[in-house]
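> Residue numbers (our numbering), protein chains in the order written: chain R, 1 to 293; chain H, 1 to 677.
Rather than coming from a laboratory, the hints here were simulated on the basis of the structure. This structure is a prediction, so every number in the text was calculated from the model and none was measured. A virtual CB, placed ideally from N, CA and C, is assigned to each residue, including glycine. Please note that a few of the clues may not be correct.
[Unchecked claim] Reference excerpt, derived from the structure (chain R facing chain H, CB under 7 Å, subset only): (1) A26; (2) N49; (3) L57; (4) D67; (5) L81; (6) V95; (7) D107; (8) I146; (9) N163; (10) A165.
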Amino acid sequence: MKIFKAYFAGLKSAGKSKKMAAVIYAVIFLLALVLAIPFHTALLSQTGNSMALHALLKHFNYTIFSDFMNSSGKVINIFILAALWMGIFYFLFTVFFTGGILNVLSDGNRKFSILNFLTGCGKYFFRFFRLGVYLLIIQFLTAVIIFFPLNKILSTNYETTQNEASLFYIFLTGVIIFAVLFILILIIGDYAKIILFHNDSGKVVKTIGKSFQFVFGHLSGTYTLYLLILVIPVLLFVFYVLLDNVVGMISGFTIFIMFLSQQAFIWLRVLIKVWFLGSELSFYKILNGCDIQ
Amino acid sequence: MKPHQRFIFALYFIFSLYFLFSCCGFAFAQQLFNPPLSDRIASYDMSVKLNPDKKTITGTETLYWKNSSTDRISELRFHLYLNAFKNTKSTFIQESSGQLRGDEMDVSSGLNWGWIDVLSMKVKDGEDLTNKIKFIQPDDNNKDDQTVISVPFQKPVLAGQTITLKINFESKLPKVFARSGFSDNYFLAGQWFPKIGVYEKAGERYAVKGQWNCHQYHANSEFYADFGVYNVNITIPNNYKVGAVGVLQNEKQNGDGTKTLTFHAEDVIDFAWTASPRFKIAEARWKNVKIKVLLQPEHYAQADRHINSVIYALEYFDKYVGKYPYPNLTIVDPPLRGSGSAGMEYPTFFTAGCYWGMPSGIKFTEVVVVHEFGHNYFQGMLATNEFEEAWMDEGFNTYYETRIMDNYYGKHTSYINLFGIRIGDGEYLREDYTGMPNPKIAPVFLNSWQYVNGGYGEFTYSKTTTWMNTLEGILGQKVMDEIMQTYFKRWQFKHPCGKDFIAIVNEIVRKEFGNKFGEDMNWFFDEVLYGTNICDYKLENITVGRVESPKGIYDSVSAKKYYKLIDGQNDKPNYNSNVLISRLGEVVMPVEILVHFDNGQEILETWDGRDRTYNLIYNKPAKVVWAKVDPYNKIPMDVNRINNSYTTEPESTVINKYFAKFLFWVENIMLSIGSLF
Numbered sequence: 001m002k003i004f005k006a007y008f009a010g011l012k013s014a015g016k017s018k019k020m021a022a023v024i025y026a027v028i029f030l031l032a033l034v035l036a037i038p039f040h041t042a043l044l045s046q047t048g049n050s051m052a053l054h055a056l057l058k059h060f061n062y063t064i065f066s067d068f069m070n071s072s073g074k075v076i077n078i079f080i081l082a083a084l085w086m087g088i089f090y091f092l093f094t095v096f097f098t099g100g101i102l103n104v105l106s107d108g109n110r111k112f113s114i115l116n117f118l119t120g121c122g123k124y125f126f127r128f129f130r131l132g133v134y135l136l137i138i139q140f141l142t143a144v145i146i147f148f149p150l151n152k153i154l155s156t157n158y159e160t161t162q163n164e165a166s167l168f169y170i171f172l173t174g175v176i177i178f179a180v181l182f183i184l185i186l187i188i189g190d191y192a193k194i195i196l197f198h199n200d201s202g203k204v205v206k207t208i209g210k211s212f213q214f215v216f217g218h219l220s221g222t223y224t225l226y227l228l229i230l231v232i233p234v235l236l237f238v239f240y241v242l243l244d245n246v247v248g249m250i251s252g253f254t255i256f257i258m259f260l261s262q263q264a265f266i267w268l269r270v271l272i273k274v275w276f277l278g279s280e281l282s283f284y285k286i287l288n289g290c291d292i293q
Numbered sequence: 001m002k003p004h005q006r007f008i009f010a011l012y013f014i015f016s017l018y019f020l021f022s023c024c025g026f027a028f029a030q031q032l033f034n035p036p037l038s039d040r041i042a043s044y045d046m047s048v049k050l051n052p053d054k055k056t057i058t059g060t061e062t063l064y065w066k067n068s069s070t071d072r073i074s075e076l077r078f079h080l081y082l083n084a085f086k087n088t089k090s091t092f093i094q095e096s097s098g099q100l101r102g103d104e105m106d107v108s109s110g111l112n113w114g115w116i117d118v119l120s121m122k123v124k125d126g127e128d129l130t131n132k133i134k135f136i137q138p139d140d141n142n143k144d145d146q147t148v149i150s151v152p153f154q155k156p157v158l159a160g161q162t163i164t165l166k167i168n169f170e171s172k173l174p175k176v177f178a179r180s181g182f183s184d185n186y187f188l189a190g191q192w193f194p195k196i197g198v199y200e201k202a203g204e205r206y207a208v209k210g211q212w213n214c215h216q217y218h219a220n221s222e223f224y225a226d227f228g229v230y231n232v233n234i235t236i237p238n239n240y241k242v243g244a245v246g247v248l249q250n251e252k253q254n255g256d257g258t259k260t261l262t263f264h265a266e267d268v269i270d271f272a273w274t275a276s277p278r279f280k281i282a283e284a285r286w287k288n289v290k291i292k293v294l295l296q297p298e299h300y301a302q303a304d305r306h307i308n309s310v311i312y313a314l315e316y317f318d319k320y321v322g323k324y325p326y327p328n329l330t331i332v333d334p335p336l337r338g339s340g341s342a343g344m345e346y347p348t349f350f351t352a353g354c355y356w357g358m359p360s361g362i363k364f365t366e367v368v369v370v371h372e373f374g375h376n377y378f379q380g381m382l383a384t385n386e387f388e389e390a391w392m393d394e395g396f397n398t399y400y401e402t403r404i405m406d407n408y409y410g411k412h413t414s415y416i417n418l419f420g421i422r423i424g425d426g427e428y429l430r431e432d433y434t435g436m437p438n439p440k441i442a443p444v445f446l447n448s449w450q451y452v453n454g455g456y457g458e459f460t461y462s463k464t465t466t467w468m469n470t471l472e473g474i475l476g477q478k479v480m481d482e483i484m485q486t487y488f489k490r491w492q493f494k495h496p497c498g499k500d501f502i503a504i505v506n507e508i509v510r511k512e513f514g515n516k517f518g519e520d521m522n523w524f525f526d527e528v529l530y531g532t533n534i535c536d537y538k539l540e541n542i543t544v545g546r547v548e549s550p551k552g553i554y555d556s557v558s559a560k561k562y563y564k565l566i567d568g569q570n571d572k573p574n575y576n577s578n579v580l581i582s583r584l585g586e587v588v589m590p591v592e593i594l595v596h597f598d599n600g601q602e603i604l605e606t607w608d609g610r611d612r613t614y615n616l617i618y619n620k621p622a623k624v625v626w627a628k629v630d631p632y633n634k635i636p637m638d639v640n641r642i643n644n645s646y647t648t649e650p651e652s653t654v655i656n657k658y659f660a661k662f663l664f665w666v667e668n669i670m671l672s673i674g675s676l677f
């Protein structure tokens, strides 16, 4: 029951945080536009007055795509690389926004105030930044710890098995183990944020330890809660793929419709992030005997 | 003769007749083709035994070799292909660095090396040649390469005579990484026995005088051999399932845990076989061709993919090239760790390749099956020299692979059709050539081992496929089919070379088109086969200007003409449209240009493509809106199709689509990286 109470409390919090999500979404949108507008210009200049790209309107056309990449691939690759750098850059924004989100969520009944949001962002940035670095290191180490034994098991099995199905299942097992551990680290990270925020503490390493204790102390609850919310973005993604298949991007009108859908999808992703933190904050409070609103 | 004597005689006569017919019947059962389909220069009777633990094949070989030239021949040359895997100094390993098609030679165990020893060689009832055998290196003088032997002998083989040799040999199969070898208890015996080279008589292919054509085994080369009849007894443990070139004629138990299988093949250029206790067998039939698929058990669910695609290939070749004459066909599916032997062709027998759980949207298995089956024609029956003219088998065969795949699985989906990613087999192969960092690095016409800086696969398979598709685009499929059918009919069971094929192209094109494409089509082959240039036409620009009606008063001797009268007569607008096309590449091709006007009218122009630029000028009441060079994609050789069109009214719909998608991708990347916190 506590899980569901927290689950719906988070949903309620997310419902109240539409404006905050809109602010975060606007930042994401503007940052993405920084790349997307020059990308648009580059596409126009690279294709000039050619009609060839029209073949890509209804379906993917490998001949046109490959010829385009052969002639303009260097330009496009710059944008792909820039998008990755933008993602890394946005990591700092995520760290920055987290304090603001928690600040807003903790004042559940107050009307959204950008000042309140930004105050939280600024106040917790550096401690969350340190937490972020530690979490990345833990995630990296987990990946390494999984990768090397998995690689060893796979290569050993490759030398003995006559059936690639067994290799696939070994690989799949490795991926599942990694996913389980990776989610666990994300959960520990989320509760570490909440504990840091809740206790207004600056001791990041100690807080990770506390979070570790808390999560393992309530492993089924924290994990189940996380998975229950994780189902939503997965379903959302499936819905988006289906919508894309049904609507397609084959005319000015459908491109516009899908553009709106895509942006709604991004906004919902932000809102789900709020949902995660809201539910976890509620769960933490419930288990610690605090009132939740 | 007394009655009882008559009775005994009649009985004896009937019994004799029965015996005679029985024997004849056995002989007829053995005979597949009467008259023979080929001149049967090199025929082999072999009895061999596989030792699955030592990975060796030991046996005897009786070779019947006919001197089809007018020369007196006192030297024979043989391929000992397996010696390519004997040590790291062989030409094959030196050239390949121990890697082929993504597979790497495993040198961690002494069991993994491969070799072949000729234990003895003797002319039947004559000279012992064993001590006369010497290794030669006709291609690169690499003294460590032992893949070719020369065997001189005293009594020359005269024109038309046949020499019979008795050879004892032992072959050690390598751990498979390049076509042939073992992987656990899977064996693929290819190029596994002492195999005589081809003596090219004067006038055959490029030979100006009689000469041996017997090349070393190279990383980038396959094979070349004469046609013949093979009778092969294979002794193997009872639990093994065996597939081989030709038809299985007999199987007997030896009582010692082994069995002996007898295979018979006629008018083929090679003999290969496979054995494994794990094979699960699927069978089918197409017309009179019995199809057998030897599958790994975990791949059995994909038996239909093999069978359906090979039936498509059989049907297509039968309809568009010529008849498949053999009574059977065996497809081998190697195990994962034997995948180095996958995708290899032998007459009536080939290895495919598939993976467990491979989605049906990835047509990898179908492509390999169709391709390897096609080699029954290109090299199997049209026995070109793969060492010297690999494009004639790999290229021609891949051209048919694309035709078959595109025909049965869709032009844009025949290679991959998964999650919205659509790639056609022909598209993929074209890009393999046009996407090369340097498509001018070598010509197609090159000995296969001379692609020292890469490009063997791209030129022999992909560029040849692309220019064959271009030739089809220029001539039309009907004429192309006539060319290929003539080529097949005229050269099947012989050794054609490039100039023989070009002669047929010239003959058919002249017959069908006269001088439309010039005196001959040599210009085409000079560019695509012997040359290295690229083809790139560009629709450079379209300019449109309004032609003002003349105004004012113009005198003539007897009258004045008034223009621009007040009532607006002669005021209908006229436009001067100029369409400029450029030839950016050096290759010259005749091209079509489709010009579209704003009133919906379309004009299809033709240009010989020779000049560097070409102007189309129209003075009409309608404006040119867009134009396309090669609008029907007849010239896939054109390396850049993006610049083949031009519109005066550029439309941004597609750009907007990719703008939206890119924006969405960037946002998702940001959120996904952000979600690590």
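> Which hint numbers doesn't this structure obey?
1, 5, 7 and 8
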